Amino acid sequence: MRPLAIVILVIFVAAGLVLGALNADLVDYDLAFARMQLPKGAALLGAMVIGWLLGGLTAWVGVSMRQRRQRRQLRADQKSPLAP
Amino acid sequence: MNHLYVLAALIPVAFVLGWWASRQIGVRRSGAEVSELSSDYFRGLNYLLNEEQDKAIEVFLKLAEYNRDTVETHLALGNLFRRRGEVDRAIRLHQHLVSRPGLTDAMKTVALLELGEDYMRAGLLDRAEALFSDLVAMDAHAPSALRHLIAIYQHERDWHKAIEHARRLEVMTGEDEAPMIAQFYCELADRSRQHGARAEARDYLRQAFECQPDCVRAFMLTGRLLSEDGQHAEAVTAYEAAINADIAFTPDILPPLLNSYARSQQMERAEGFLRDMLGRYHGVSPVLALTHLYRQRDGERAAVDFLTAQLRLRPSVRGLMALIDATMDKIEGEARENFLILRDLTRKLLEGQAMYRCSRCGFGAKAHHWQCPSCKNWSTIRPIHGVASE
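Each protein sequence line maps, in turn, to chains A and B. Take the first sequence: its letter number 76 is residue 76 in our numbering, and every next letter is one higher. Take the second sequence: its letter number 164 is residue 164 in our numbering, and every next letter is one higher.
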């Protein structure tokens, strides 16, 4: 990993820890199917991680489905004419 | 409550950021693939430039398997196969390209053109002809297709069709194909002459002159026709016109011209014309012809004097051999033996020499061809000028 990326990562981890420490008070959450108490900072972090993962997953599924479709079409297209 | 709004806004923002990051990673990965492909491409190109076709084929094969929808790579491969003589592989590859669904019309016609060339190389001229005719009808790569069709008709000696397509090519490209068409008419005229259809031959020659008024071959054929008809004086005029049209063909024209001079008893005219030629033609043929003429008219001494003087001006092996032949009778004893060795040596030297060379491809020949057997160009084979030849 490049040194710049390590520095940025450290800054974000430190910022997370500071924000977590400053927002340590518990908050009630009602998700309709479950009730829970979470620290404010952890909820913030959780929302960001869930949003990030969902976005990445959507893009990945879209790209891989398109590639699979193209591959299937080509395979159905022909047998290789390059064999001697 | 405000805290919940912040959370709700944070999720879509993170979603967009995650989606964007994932796409960036995908782009970077495909970029690496592209750069790998292009490095393969340049490696293949490098092999091609170094004329290492085996290695180039290996690289392009890998490239084509990796990225099957690259039509250009397949076309390059097909071309390589054809050039290496693996015509069956080239044909299979181009046939596959033509039958591939989803190919653009432009690419399909390129593949058809290549397939036609494969058929030509394989000797399947009827299939190649059908393909090229279709391309001309579709007006796709028509000039190239027409050129191939003309080559096919030349090979089949179907001169009428060759003329028809050459005229179409002329209209399509605006290029002057008249010298080639004149040669086709000359072929027709020569064929008619051989079959005894003299009027038809004369008509073809007239059309050849219409295409190219200074066509040497048409003048030579006219001279031959007239000579065979016993019109030697007219034949002399035709042969002289042939030399005036292209003086390089003098060695081929002089023998029948001298014959026509003799038959029409115009030896003074012959001397005048040959003397005039000495000034503008630097080969040895007119010198030898004049030597022969002086020998018959003024005797051996005058002929040898003339030949010796001319050989000092234009030294040539053929001239030297004529001089040895002329002086052989006067020499006796050991000197005669030496002269015989010298004569054999010069004869062998001349026998091994190519007398004609194609000005386009450098093909060397002992006999004259109007169409180069190697590069198939017309009127490019000309007599070689040098000490050992003309």
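Hint data in this document are derived by calculation from the structure and do not stem from the laboratory. It should be emphasised that the depicted structure is a prediction, and the values quoted were computed from it without experimental measurement. Glycine residues also receive a C-beta, built at the ideal position from the N, C-alpha and C atoms. There may be inaccurate statements among the hints.
Take a look, some chain A residues computed to stay more than 12 Å from chain B by CB distance [what the hints assert, rightly or not]:
#1 3
#2 7
#3 10
#4 11
#5 20
#6 21
#7 33
#8 35
#9 47
#10 49
Not the full set, but computed from the structure, chain B residues with beta-carbon under 8 Å of chain A [as the list claims (entries may be wrong)]:
#11 13
#12 70
#13 71
Against the structure, the hints:
The beta carbon of residue 3 of chain A sits about 20 Å from the closest Cβ of chain B, which is more than 12 Å, so the claim that it is off the interface holds. Remark: the non-interface label on residue 7 of chain A is consistent with the geometry, its nearest Cβ contact in chain B lying 19 Å away (cut-off 12 Å). Consistency note on residue 10 of chain A: stated as away from chain B, and its beta-carbon is indeed over 12 Å from all of that chain's, at 19 Å minimum. With a least beta-carbon separation of about 17 Å from chain B, residue 11 of chain A lies farther than 12 Å from that chain, consistent with its non-interface assignment.
With 12 Å as the threshold on Cβ separation, the claim that residue 20 of chain A sits away from chain B holds: the shortest Cβ distance comes to roughly 14 Å. The claim that residue 21 of chain A lies off the interface holds: its Cβ sits roughly 17 Å from the closest Cβ of chain B, which is beyond the 12 Å cut-off. Against the 12 Å criterion, residue 33 of chain A stays outside the reach of chain B, whose nearest CB is about 17 Å from its own CB. Distance to chain B confirms residue 35 of chain A as a non-interface residue, since its nearest Cβ pair spans about 14 Å, more than 12 Å.
Distance to chain B contradicts residue 47 of chain A as a non-interface residue, since its nearest Cβ pair spans about 5 Å, not more than 12 Å. Once the 12 Å rule is applied to beta carbons, residue 49 of chain A is inconsistent with being away from chain B; the minimum gap is 7 Å. The restraint placing residue 13 of chain B at the interface with chain A holds, with a minimum CB-CB distance near 7 Å, inside the 8 Å limit. Look at residue 70 of chain B: its Cβ only gets to about 12 Å from chain A, farther than 8 Å, so that hint breaks.
Annotation: residue 71 of chain B was flagged as interfacial toward chain A, and the flag is violated, the nearest CB pair being 13 Å apart, outside 8 Å.
Of the numbered hints stated above, those contradicted by the structure are hints 9, 10, 12, 13, listed in ascending order.
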